[in-house]
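Participant: Listed below, chain by chain, are the residues.
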Amino acid sequence: MLGNLVVQALSGLASAASLFLVSAGLTVIFGVTRIVNFAHGSFYMLGAYLGWTLATNLPRGHVPFWGGVVLAAVIVGLVGVVVELLLLRRIYKAPELFQLLATFGVVLVVQDAALWIWGPQDLLGPRAPGLRGAVYILDSRFPLYDLVLIGIGIAVFLLLWLLFQRTRFGILVRAATADREMVGALGVNQRLLFTGVFFLGSALAGLAGALQVPRESVNLQMDLAIIAEAFVVVVVGGLGSLPGAALAALLLGQMQAFGILVFPQITLVLVFLVMAAVLVVRPYGLLGRAPAGHAASLAPVEPPIAPLSPRGRLVAGVALVLALLAPLVLADYALVVMTEICLAILFAATLHFIMGPGGMASFGHAAYFGIGAYAAALLVKHLAAPMELSLLAAPFAAGIAGLAFGWFCVRLSGVYAAMLTMAFAQIAWSTAFQWVDFTGGDNGILGVWPPAWAVPKPVQAWGTLILCLGGAFLLRRAIFAPFGAALRAQRDSVLRAEAIGIDTMRIRWFAFAIAAAFAGLAGALFAFTKGSVFPTYMAIPRSIDGLMMVLLGGVQTVTGPILGAIAYTGLHEQLMRVTELWRAVLGAIIIALVLFFPRGLAGLGARS
Amino acid sequence: MTLLVVENLAKSFGGVHAVQGVSFSLAAGELLALIGPNGAGKSTCFNMLNGQLRPDKGRVVLNGQEITGKLPRQVWRMGVGRTFQITATFASLPVIENVQLALLSHQRRILRFTKPLHSEDPTQALALLERVGMADQAHRPCGVLAYGDLKRVELAIALANAPRLLLMDEPTAGMAPAERVALMALTARIARESGIGVLFTEHDMDVVFTHADRIMVLERGRLLAEGAPEAVRADPRVREVYLGHEGTH
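If you read the sequences in order, they're chains A and B. In terms of the working numbering, the first sequence opens at residue 115 and continues consecutively. In terms of the working numbering, the second sequence opens at residue 64 and continues consecutively.
Source of the hints: derived by calculation from the structure; they are not laboratory data. Treat each hint with caution, since some may be false.
What the hints assert, rightly or not - In silico SDA-like cross-links for lysine to any residue, where the CA-CA straight-line distance does not exceed 25 Å:
1. B:178 - A:587
2. B:178 - A:707
3. B:178 - A:207
4. B:133 - A:587
5. B:178 - A:422
6. B:133 - A:591
7. B:178 - A:423
8. A:207 - B:207
Just so it is clear, the structure is predicted and the values come from calculations on it, not from any experiment.
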């Protein structure tokens, strides 16, 4: 019994070690460059694939194996340098969400590069030479390799600690983490520092990936799986804090190890619940500090929003009439695309509602889309509810979830708030994924079909068109109404808003719930058009889809998200039809857009 | 008529006693200046009056009602308008909507979701802007205004709930000398017309001695002197600690 517990604790330490290696890189990069690097998970995955290639091709033996691991780390570090030089260096001054978008472009490119080079199948690497066996601890087996991994984790922590305490580079890194402007003002070569930090951080991710090869199969899902956990570790530990990352990795490793024994059904939920709890009690993480002075905002100065000009109204009116006539002439496939675009417009409009006027970032908006979809599907499946009732109930379910999650999220700001939204989305996702009896788990819920009258594609197209554009229109009205003005006002100045009697937290909270409710409507409609729901409806990529649409369209305008949704969905559909490597092309387009049109598509018109 | 009574207010940050036992009162229609060298505790004092800081000790009573420890938005509802040392306005909203929002908040009509704000009746907001001389710029966004104009917009916002007390933290900081006098003359006129009590801090001695009915001198968190401008000007302790200090520049 005791042996079991010890082994469980040790395996918790082993996962903590690898989690720490990834998170250390992420937190150091964030500390110095203030970039939330989504591509960090891709560097980890790249490390694993490179590690696999080297381990299978080099001769057997200690030196080639460990040499291969180090080489993989160095190559990934160099890839990180290339990304920094070509992309990130140009956007350090851009709003943080654009940086995030750009790094997600890198995620897409790396995903397809890996698919192209290594293929879609899971790859099993060789075990580490001499470490195949297990040791017996109090009569319980424990893999020898995991013991070595724990040792490596501790060694890397000590080395990093020495690096940061004893070298000029390390001291500059710490100084830049504390106050980047000050370090710049002191005449430090920031370019070299940033590139160096990127090499270090990426190499650590690559090292962690390569070290995973003997433990588990290498696959294309590793990037997003690890990045979600690494975000949790970094945020719980405090952004930019190395000891924080170590502490949080330990905490999370142990929680996963023992959580499996106690609550096997909700291990995933547990992780994100802990993060939510920590952030509510300590908004800057366990060992984090409030950022010094220069808090980054979504966009520096928002231009005022304006109602549509007469010409704009005319264009919108004509577009609406054409859209209403379209189902009469379009073929089924085109109608499906049109339906998807309508859903995307509503989804993007809800996300824009909290990001643009609200000034809050959300990395987890898909949660409410998914909760709406699941609410509708569960009503149909368990209570045999009619579609009409389900469509009515779904926004309520999503709105209530928005009230519950939003209550926490609106209390934080910036990256921390965004991370909390992601944590809640992961909680929703893991519930759908792990609670198999109720939600069907990974298999989802099938047979969520509309009644006979709503089956024909043109009817569906009209239905979604009216409900989605109607929803987007209501949100638009709210933005121009006193509530929306108050929402924009608190974004501009919380101080002034409170000084004229506005309860800014409540305004943000309501906005969050309203957006969630409408996103839930979009989700429910999506469920009925697809006939099924899956956990992926609330997974990270769908939240990112929403972000892409809003940011492509431009956060600053009310029309932006609509254009963004149309452009992004259209692009997505077209690319998927013409090329296998659509992710890479999409990623490249996103990167190009961020580099050349940082104000989004709606900014194109404003430029001229 | 006594409007504001402050009793024995104190606040420390760690070991620093920023404000120690400050007591004073303010009458309706009176302009009271709070002056003192940098770090004397003026802003701390101010922030305790409008609820941004919770005092360690002491009471703040407005019109017989205790407002100690209430939140800024609650203090505002009880009739206290506020302007800030560094202007705080809504940069992305037009000037008139800045004022309209304050009016709507006063009428508890913020939670409206359909009718556009720009179709609300602008009369009241325009009247307020007229009063501070900003009506001609009503439709420009606050983000593009000159600093002096922003100060006047802030004054209009602060007047929107028909306050009985105005708290103005360095109302003329960052303005050109001619503008300073104009803004304080405007404030003084409005205060006298409407019987509003005004408490302001200020570094510009011309502004202070021209417009204040009464002056309080704060030094190292304590009230050093208090009285009519002539008396304060003549007070040797003030000369030594404050004006003498000024004179060395």
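Participant: What's the verdict on residue 178 of chain B and residue 207 of chain A, does the C-alpha distance respect the 25 Å limit or exceed it?
Facilitator: Answer violated: residue 178 of chain B to residue 207 of chain A is near 38 Å, above 25 Å.
Participant: For residue 207 of chain A and residue 207 of chain B, compute the direct alpha-carbon distance and say whether it is at most 25 Å.
Facilitator: holds, 22 Å
Participant: If you draw a straight line from the CA of residue 178 of chain B to the CA of residue 423 of chain A, is it 25 Å or shorter?
Facilitator: holds, 18 Å
Participant: Can you confirm whether the C-alpha distance between residue 133 of chain B and residue 587 of chain A stays at or below 25 Å?
Facilitator: violated, 39 Å
Participant: Do the alpha carbons of residue 178 of chain B and residue 587 of chain A lie within 25 Å of each other, as the hint requires?
Facilitator: With Cα atoms ~13 Å apart, residue 178 of chain B and residue 587 of chain A stay inside 25 Å; holds.
Participant: Next pair to validate is residue 178 of chain B with residue 707 of chain A; report whether the Cα-Cα distance is within 25 Å.
Facilitator: violated, 36 Å
Participant: For residue 133 of chain B and residue 591 of chain A, compute the direct alpha-carbon distance and say whether it is at most 25 Å.
Facilitator: Distance of about 34 Å is beyond 25 Å: violated.
Participant: Given the proposed pairing of residue 178 of chain B with residue 422 of chain A, does the C-alpha separation stay at or below 25 Å?
Facilitator: Holds, because 15 Å separates the two Cα atoms, which is no more than 25 Å.
Hint violations for this structure: numbers 2, 3, 4, 6, all remaining hints satisfied.
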